[in-house]
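K.L.:
Each chain, written out:
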Amino acid sequence: MTAIRLALLGALAGALAAQSGMDTCVGCHGALEGPLAKPAAAFEADVHKARGFSCVNCHGGDPTVLDPAASMSRARGFKGKIDRRATPGLCASCHNDATLIHRFNPRQRVDQLAQYRTSVHGRRLAAGDTRVANCVDCHGVHGIREVRDPLSPVHPLRLPETCARCHSDSDRMKGYGIVTDQFEKYRRSVHWEALSRRGDLSAPSCATCHGNHGAAPPGVATVVHVCGSCHVVFENLFAKSPHKKAFDELGIPGCVVCHGNHEVARPTMALVGVQPGSLCLNCHGESDKGRQAAAFMRSRIDELATALDGSEEILKRAERSGMEVSPALVELSHGRESLIRAKVELHGFDPVLVDGSVKKGLGIAAAAHRAGEKALQERDFRRKGLLMSLATIAVTMAALWLALRELERPGKKG
Amino acid sequence: MFRRALDWVGNRAGLEGAQDFLKHKTVPVHSGTIWYYLGGVTLFLFVIQVLTGMLLLLYYRPTPTEAFESVQFIVTQVEFGWLIRSVHSWAANLMVLTALLHMFSVFFLKAYRKPRELTWLSGMALLLLTFAFGFSGYLLPWNTLAYFATKVGTDMAGAVPVVGRFLRHFLRGGEEVTGATLTRFFGFHVAVLPGLTTLLLLLHLALVQKWGISSPKRPGGSGPAMPFYPNFVLRELIGWYGALGVLGMLAALFPWELGTKADPFASAPAGIRPEWYFLAVFFTLKLIPGKVLIFNGEALGILVFGLAAVGWMLVPFWDNRSEDEKRHLALTGGGVFVIAYLAVFSALGYWR
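Just so you know, the protein sequences line up as chains A and B, in that order. Be aware that the first sequence starts at 1, since it is given in my numbering, and climbs by one per residue. Be aware that the second sequence starts at 1, since it is given in my numbering, and climbs by one per residue.
One thing to keep in mind: the hints can contain errors.
Claimed, not checked - Pair ranges (Cβ atoms, derived):
| # | chain 1 | residue 1 | chain 2 | residue 2 | range |
| --- | --- | --- | --- | --- | --- |
| 1 | A | Ala239 | B | Phe265 | 37 to 47 Å |
| 2 | A | Asn105 | B | Phe265 | 30 to 40 Å |
| 3 | A | Ala399 | B | Phe80 | 21 to 31 Å |
| 4 | B | Leu287 | A | Glu161 | 45 to 55 Å |
To be verified - Computed footprint of chain A on chain B, listed as stretches where at least three residues anywhere in the stretch have a Cβ under 8 Å from a Cβ of chain A:
| # | stretch |
| --- | --- |
| 5 | 75 to 84 |
| 6 | 229 to 235 |
| 7 | 240 to 252 |
Bear in mind the hints are in silico, worked out from the structure with no lab data behind them. Yeah, the Cβ is synthetic: ideal placement off N, Cα and C, and Gly gets one too.
With the sequences and hints as input, model every part of the structure.
P.N.:
Have a look at this one:
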């Protein structure tokens with residue numbers, strides 16, 4: 001029955017193809033039902049179709065021939081369903097061709113296959129494990145869209161979910177010895193918050209740290225570089241810090257020791273110092289020099305934050321009283337910058353470095369506080385002045401009124 | 001000694017005439033006499049404006065790069081600069097208020113009737129000049145609110161039928177509100193408007209002197225009166241001191257805000273609105289649809305407001321009952337309606 005339908009459809013599609021140049025693959029598969037119809041339907045939205053490619057470019061065969069048996073014959077190069085191991089090579093037959101690809105997008109890279117071969121996915125596939133991801137698992141098949149298309153599974157907003165399709169599947173991950181809670185943790189991170197809530201498409205997702213085509217877990221030695229690709233200043237400070245050498249010797253990674261990896265939380269000052277809950281205590285013992293340094297840096301930063309808050313409070317009070325204190329508030333914002341700088345400099349784990357910024361900020365906070373006090377004194381002076389002026393005015397008005405009454409007293413001659 | 005000095009000046013300046021004039025000048029006394037003082041208080045506030053304006057001129061610099069900073073310098077660094085600037089701003093607003101009250105009191109007392117039509121017209125022109133003072137002065141600190149309010153205001157001027165485009169270009173000194181607008185507004189504010197106001201004020205006062213202060217007609221001649229000097233002058237002085245007290249209180253307790261420096265490239269902040277005395281017109285124009293029949297809504301609104309203002313100014317010429325002091329219910333009702341409209345629409349414009 002199916003053979004008869006295919007023959008009839010083929011004849012019809014062939015007739016149409018002959019007249020209009022129509023693709024008989026799409027003609028037949030579009031008229032079918034079930035799984036065989038899906039590729040034709042999905043291909044309608046495919047970026048390759050929009051660029052003028054068709055089924056034949058991947059699957060071979062002859063889309064101009066009426067007879068399905070002939071158009072899908074091996075003799076005409078028909079490949080049928082692509083073997084998973086062959087997929088990367090097949091995609092690369094075009095995507096490795098700079099001349100071809102740059103006709104459509106001059107900025108597109110053409111080293112995806114080379115990168116893929118270095119990835120865990122690529123290496124496992126080469127070793128015969130066909131359960132690992134290849135191009136179509138991430139980009140889709142037949143309905144492939146551009147990365148910038150929000151419906152693409154590799155659009156920045158959708159990529160974490162795409163990776164999680166496999167990596168959160170505990171059955172699928174069984175045997176690979178890797179955890180499956182990355183996505184869950186990532187969705188509690190500041191990175192996900194920036195990406196999903198603030199819509200910052202440059203915020204990190206899976207591929208930013210692990211790579212996309214060359215996806216691999218960063219090793220101990222490279223974690224700092226991965227984070228440092230965005231957090232450059234922190235990387236530089238850490239590289240010069242005493243922690244760098246100690247971490248290297250202990251064989252533990254950098255940033256993630258304190259900040260975590262997938263679940264990077266918003267850092268607070270509670271992480272620093274010697275109070276319960278501080279991360280410094282995880283390594284530094286009671287009489288440790290590092291412990292003293294942590295206590296010192298924390299207390300200095302707290303001191304600056306308190307001083308800045310106090311200065312802001314007094315300036316705001318003066319502002320609410322109608323005093324013009326905007327220049328002092330601008331100055332105070334420079335003090336806030338010093339506080340931020342001191343917190344950044346914490347990553348150098350050098351008390352002297354942190355203290356430099358704290359001292360500068362404290363100087364600014366003190367000047368702002370003085371400006372606030374001066375403004376409040378000025379406000380009080382104005383109010384006293386007003387009171388005295390109003391009293392003088394009232395007395396003068398009363399005197400004038402009395403003079404007028406005296407002048408207009410009945411019987412008094414004007 | 002003082003007496004001798006006074007006599008010396010009097011003999012040479014011929015002040016005997018003035019003394020004689022003051023001795024004989026009287027002011028009518030009746031139930032509406034209290035309203036007479038509003039004109040004097042407005043004059044007092046104008047003098048305060050001139051004096052404080054001259055002091056501000058010592059430091060103010062009318063360029064987009066320096067205007068805001070110079071005003072900031074005045075209110076933060078110059079000794080009592082804050083007071084001068086705050087008094088100048090508050091006095092401007094109080095002056096508009098007292099001028100409006102003065103106008104309505106003259107309107108309801110029908111003091112514009114023959115032969116005081118010119119006094120009314122010169123007073124109306126002075127009120128318009130007061131508005132112009134407010135509008136031009138508002139931009140001078142070059143802060144965000146002032147910048148965008150001027151943009152909106154000059155856009156409204158641009159909607160005036162026929163001459164709108166020219167008017168907007170003339171006011172702005174170009175297509176946009178720029179440094180050229182600031183220089184222009186500064187020129188209007190400190191030279192053109194004070195000059196015109198002084199001339200008109202002299203005319204207004206001369207007319208008041210010529211025809212005397214209006215009083216209700218009484219059967220059997222004029223009613224009671226009080227000597228202008230010292231009785232009326234002393235009362236006026238009490239009014240001026242009262243105004244000074246209110247002004248000082250406002251300036252010291254609610255110093256006029258400076259805001260943030262204007263950034264022509266920033267988007268307009270929410271809630272931009274003009275000064276309170278333009279709010280009713282501003283809000284009404286906002287309510288008018290973009291197109292009314294085949295006409296541009298805003299242009300039509302401005303045309304209607306313009307015609308209403310002209311009608312109001314010409315009231316002495318069409319109020320045919322004022323001379324006999326007959327009640328003109330429609331006119332009095334119209335006056336009450338105008339006050340109610342201004343109050344309600346100003347409040348709506350402020351809160352919405």
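K.L.:
Go through the numbered hints given earlier and state which of them the structure violates, listing their numbers in rising order.
P.N.:
none
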